[in-house]
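Listed below are the residues making up each chain.
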Amino acid sequence: SQTIHQWPATLVQPVGSPLSLECTVEGTSNPNLYWYRQAAGRGLQLLFYSVGIGQISSEVPQNLSASRPQDRQFILSSKKLLLSDSGFYLCAWTQDTNQPQHFGDGTRLSIL
Amino acid sequence: GQQVMQIPQYQHVQEGEDFTTYCNSSTTLSNIQWYKQRPGGHPVFLIQLVKSGEVKKQKRLTFQFGEAKKNSSLHITATQTTDVGTYFCAGVLMTTDSWGKFQFGAGTQVVVTP
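Protein chains in written order, with our numbering: chain A, 955 to 1066; chain B, 11 to 124.
Keep in mind that the hints were calculated from the coordinates and are not lab data.
A portion of the hints provided could be inaccurate.
[What the hints assert, rightly or not] With the Cβ distance kept under 8 Å, some of the chain B side facing chain A (calculated, not the full set):
hint : residue
1    : Ser40
2    : Asn41
3    : Gln43
4    : His52
5    : Pro53
6    : Phe55
7    : Phe98
8    : Val102
9    : Lys111
10   : Phe112
11   : Phe114
12   : Gly115
13   : Ala116
14   : Gly117
15   : Gln119
Predicted model, so just to flag it, every value in this text is computed and none were measured.
All residues carry an ideal CB built from backbone N, CA and C; glycine is no exception.
Chain A extracted, bound-state conformation:
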């Protein structure tokens, strides 16, 4: 069966520090991969999505970037975090847009 792993679960970082969040999927190949951000009590904001290795589509211009170095690995990065980067970051995968999305447990990021 397919599983999605996302880590770390919580992270507290100072303003201006770098960020790396990792997401891996097991049990499937060539999935569509997604990074979302959710502010407290709010909806899901799509940040990046990828339909294949090295193919990244950015939805929101900001100081975040994403990479897909391997088929089932999706990484969210930042060189310098801002206070506004705080939130709940969710990784998700689907086989295609006619299939359900499966979400990881998320990372709660607090910027101090």
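Using the hints provided, position chain B relative to the given structure of chain A.
Just chain B now, kept in the frame of chain A:
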């Protein structure tokens, strides 16, 4: 701007009552999915609607997809405390620059009073 709108944003329901949350898109959708997120958790898939006018039921939950494939609704009957959470719709837009991505509504946060 946001292309999938969801109302209401909040819903306070007495246990045993019914309620409905609505999802509206400015463009035609290829399909629409519904998710439930419990407090502190991640969204979990509930159902997918594909066909125009489609209606699906899951126990006390009834999902509808509009004839024009631009709107959808989730109706819950006899609300229980286990229904607490935020319900999201997610549409796949039928535009050439939207291939591969989902557009989420802002969600309806449901609070149930015993």
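Results of checking the hints against the structure:
Annotation: Ser40 of chain B was flagged as interfacial toward chain A, and the flag holds, the nearest CB pair being 7 Å apart, inside 8 Å. At its closest, the beta carbon of Asn41 of chain B sits 6 Å from a beta carbon of chain A; the interface hint therefore holds under the 8 Å criterion. Among the interface hints, the one on Gln43 of chain B holds; its C-beta lies about 6 Å from the nearest C-beta in chain A, closer than the 8 Å criterion. Satisfaction of the interface hint for His52 of chain B is found here, the shortest Cβ-Cβ separation to chain A being roughly 4 Å, below the 8 Å cut-off.
Because the closest C-beta pair between Pro53 of chain B and chain A is about 5 Å apart, less than 8 Å, the hint holds. Checking Phe55 of chain B against chain A: minimum C-beta separation of about 4 Å stays under 8 Å; hint holds. At its closest, the beta carbon of Phe98 of chain B sits 7 Å from a beta carbon of chain A; the interface hint therefore holds under the 8 Å criterion. Interface restraint check: Val102 of chain B against chain A, minimum CB-CB distance 4 Å, threshold 8 Å, status holds.
A least Cβ separation of about 5 Å between Lys111 of chain B and chain A falls short of the 8 Å threshold, and the interface hint therefore holds. Contact between Phe112 of chain B and chain A, as hinted, is supported at the beta carbon level, the nearest pair being about 7 Å apart and thus within 8 Å. Checking Phe114 of chain B against chain A: minimum C-beta separation of about 4 Å stays under 8 Å; hint holds. Interface hint status for Gly115 of chain B: upheld, as the beta-carbon distance to the closest one in chain A is roughly 6 Å, under 8 Å.
With a cut of 8 Å, the hint placing Ala116 of chain B at the interface with chain A holds, because the nearest CB-to-CB distance is about 4 Å. Nearest Cβ of chain A to the Cβ of Gly117 of chain B: about 5 Å, under the 8 Å cut. The hint holds. The beta carbon of Gln119 of chain B is positioned within 8 Å of a beta carbon in chain A (closest approach about 7 Å), and the interface hint is therefore held.
When each numbered hint is compared with the structure, no violation occurs for any of them.
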